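So the sequences go chain by chain: A and B. Numbered according to our numbering, the first sequence spans residues 4 to 483. Numbered according to our numbering, the second sequence spans residues 8 to 299.
No wet-lab data here; the hints were simulated from the structure. Fair warning: this is a prediction, and the values are worked out from it, not measured in the lab. It is possible that part of the hints are untrue.
Chain B is nowhere near these chain A residues, computed Cβ spacing over 10 Å in every case [said to hold, decoys possible]: (1) ALA197; (2) VAL223; (3) LEU383; (4) PHE444.
Taking beta-carbon pairs under 7 Å as the criterion, some of the chain A residues facing chain B (in silico) [said to hold, decoys possible]: (5) ASN377; (6) SER384; (7) GLY386; (8) GLY391.
Computed far set for chain A versus chain B, every beta-carbon distance over 10 Å [as the list claims (entries may be wrong)]: (9) ALA260; (10) ARG343; (11) ARG376.
Beta carbons are placed, not taken as given, at the ideal position from N, Cα and C, and that holds for glycine.
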Amino acid sequence: MASLQPAAAEPQEDSPLWFARPPVVPKKVKGPFRRIKWAVMTVLLAIYWGVPWLRFDRGPFAPDQAVLIDLPGRKAYFLWFEIWPQEIYIITGLLIVAAIGLFFVTAMLGRVWCGFACPQTVWTDLFMMVERWVEGDRAQRLRLAKAPWTVSKIAQRLAKHSLWIAIGLATGGAWILYFNDAPTVMPQLFLGTAGAGVYITIGLLTFSTYLLAGWARESVCTFMCPYARFQSAMFDRDTLVVSYRDWRGEKRGKHKAGDGWEGRGHCIDCRQCVEVCPTGIDIRGGLQMSCISCGLCVDACDGIMDKVGLPHGLIGYDTERNMALGAAGKPRQWHFIRLRTLGYFVVFAAAGAAVLWALLARSPLEASVLPDRNPLFVRLSDGDLRNGYTLKLLNKTNQPQHIIISLDGLAQGQLTVLGHEGEAAPSLELAPDTVAALRLFVRLDTDQWAGEPIDYHFNIHDAARDLTVTTPARFEGPRQ
Amino acid sequence: MSTADKPEIDAITGSKIHPHEWDGIRELETPPPRWWVLTFAACVIFSLAWWVLYPAWPSFSGYTPGVLGYSTRAELAQTMAAVTAAQAPMNDRLAKLDYAAAAADADVMNFATAGGRALFAENCAQCHGSGAQGNVGFPNLLDDDWVWGGDYATLQATIEHGIRAANDVDTRQSLMPAFGKDGMLTREQVADVTQYVLALSGQTADAAAAGRGEAVFAEQCVSCHGEKGAGNRELGGPKLADGIWLYGGDAKAIEAQVWNPRAGVMPAWAGRLDALAIKKLVLYVHSLGGGE
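Next up, chain A with everything else stripped away, as it sits in the complex (with noise of 0.2 Å):
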């Protein structure tokens, strides 16, 4: 693999300890991975601001925005499924999803996501975007920063910053909407009667924003991200990364219309490929950490071939094996299914089938028993043994839910439910959405017990649903 060290950054003795980076000015470019960009942005940009948007009609005991995550009511909503606290688990297995899907697509294609999906990207692209339209291109944002504080520099910068902080404000705003009901929150936004919570989220979002999309851009990319420095981890010989065919470039030099190709490469060092870079690399020194494979100066050079006449491609996706082919005059080599990828792929689809069950297999009532420890068991004036116990009944469903409670394996038991004495078996109705905690107290004959603990079972049916939730129990007494 090629060096990972920026070409220029090459240790003098002399040199300083450190010295100021310049600051990159990208140029615009045109071309199909810019195309990709500004498609993939629009799309990634919709979906943020759209999603809270979506209605999804859940019945009249929940609420009707399609994604929610409801912090005072504990519950996260995604379309069909309802996230309780205890089910965050499902939560980080989508993450771990989302993580092994990277490796995937990282050891297939490389630093895709940087370049194209990441959101620090889309945002500075986003934010770019705004910068070239108020003060022009690459050339002119140099002049400008250079030039005296004018009246005219002092409103075009105005303008920029004001646009950005408006983006910023979109931005931290939308975030809000998923954790509140966006057609109830936005016109408090703008009434003033929104919670603090809110604006204080809103105003941390819309400097973060603004602090990373307008002033760190590359620098998070290149000095914050912890992904930038452990990508190379999933890297091999096989990977697609933004190359520089240099044995084809070389050696560079300046060219003249009407001259021709012999004796030298076809890089004509224009450098075009530098300005339009979104981290400020060359690409011509080989592979570096800062690079965010979006080839934008694929797109550059290949502009730049169709001027003088030479075929794509000095600058391209390629592999470091297809490199060294190239290099040695031989055909390319697709090697897409390798031990690395078909790994990561096995454990991408087996985590995501364990999220998939998890999420489809849940159940809609759930049961736990914690049984009374202090203490363990009460002696009745008629020599009975007496546990008590603490059911906790989740309804999971936005419906109520009539359940009987009975015992399993306890043929001598008597079951009471606190505020249901004397029912034979206890049936209650439990309110949508909510957790129930009962008191049962279950009492044994002492001649049943026989100095060990009887381990058995609270069976709680829900005979609307025909569904039966067995949750372990334990019968204490004195051990002999």
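Following the hints, position chain B against chain A.
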């Protein structure tokens, strides 16, 4: 130490080099970064403002209160007032209901038993145990054996007036005579009646001694402990014909109790807890499993 007429400049950093040297080590006079100095200055200004606004400096008789008048005590009082206000609707509901109606209302019952649990931990657990399981001399409140009764009204009366509480005229009074110590029964009679009580509670006993003890029991004990040791709640005479004992149920413990009885004291809570708190405690204790 070396001295120089004008400061040397370090080639790499551009900082001045300090004119002293120890063991060949020299040091740079790098100024702290500007952002650091500004942050430090901001912190100084912040702390000066803090001294003026908030309580800051201790003195012999108190402290500087600060012009904002902030006080953690006042904040606590405010928080507590807010909590009390938030509980007021449920407290009002509970106050209007009698015990049976409160027990039938799931919301009220949840509220009352949660409050009762907290009150119990604060006031009752020291004697009755954190799980209300009791201890020797301190009744277990979970079981179904009550000296004075386990219905709502009796529980309320017991909590309000206590047991043998010195400062309450309506307290529950019952004192077992010291049959042995005061010479009312001979050593042999005490031993006999002990055997009889063992037999009553279904434990192994010397049949001959128990037979003799039955007569003693009929003469001395029946008035409080009832026929066959069935107990008498009117007088607070514990039931003896079961397996639940306040001071232990083996021969030694029973004999000690007959010879020189112990009698525990429970304080009267009427003056210490308000009526609503006692109501919550009654509902909580009743819900522990022994309620009648």
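Hints, one by one, checked against the model:
No beta-carbon of chain B comes within 10 Å of the beta-carbon of ALA197 of chain A; the shortest separation is about 22 Å. No beta-carbon of chain B is positioned within 10 Å of the beta-carbon of VAL223 of chain A; the least distance is around 20 Å. Distance to chain B contradicts LEU383 of chain A as a non-interface residue, since its nearest Cβ pair spans about 5 Å, not more than 10 Å. Distance check on PHE444 of chain A: its Cβ comes as close as 5 Å (rounded) to a Cβ of chain B, failing to clear the 10 Å threshold; non-interface status is violated.
At its closest, the beta carbon of ASN377 of chain A sits 3 Å from a beta carbon of chain B; the interface hint therefore holds under the 7 Å criterion. Interface hint status for SER384 of chain A: upheld, as the beta-carbon distance to the closest one in chain B is roughly 4 Å, under 7 Å. Because the closest C-beta pair between GLY386 of chain A and chain B is about 5 Å apart, less than 7 Å, the hint holds. The beta carbon of GLY391 of chain A is positioned within 7 Å of a beta carbon in chain B (closest approach about 6 Å), and the interface hint is therefore held.
With a least beta-carbon separation of about 47 Å from chain B, ALA260 of chain A lies farther than 10 Å from that chain, consistent with its non-interface assignment. Even its closest Cβ contact with chain B, about 44 Å, leaves ARG343 of chain A beyond 10 Å, as expected for a residue assigned away from the interface. Distance check on ARG376 of chain A: its Cβ comes as close as 8 Å (rounded) to a Cβ of chain B, failing to clear the 10 Å threshold; non-interface status is violated.
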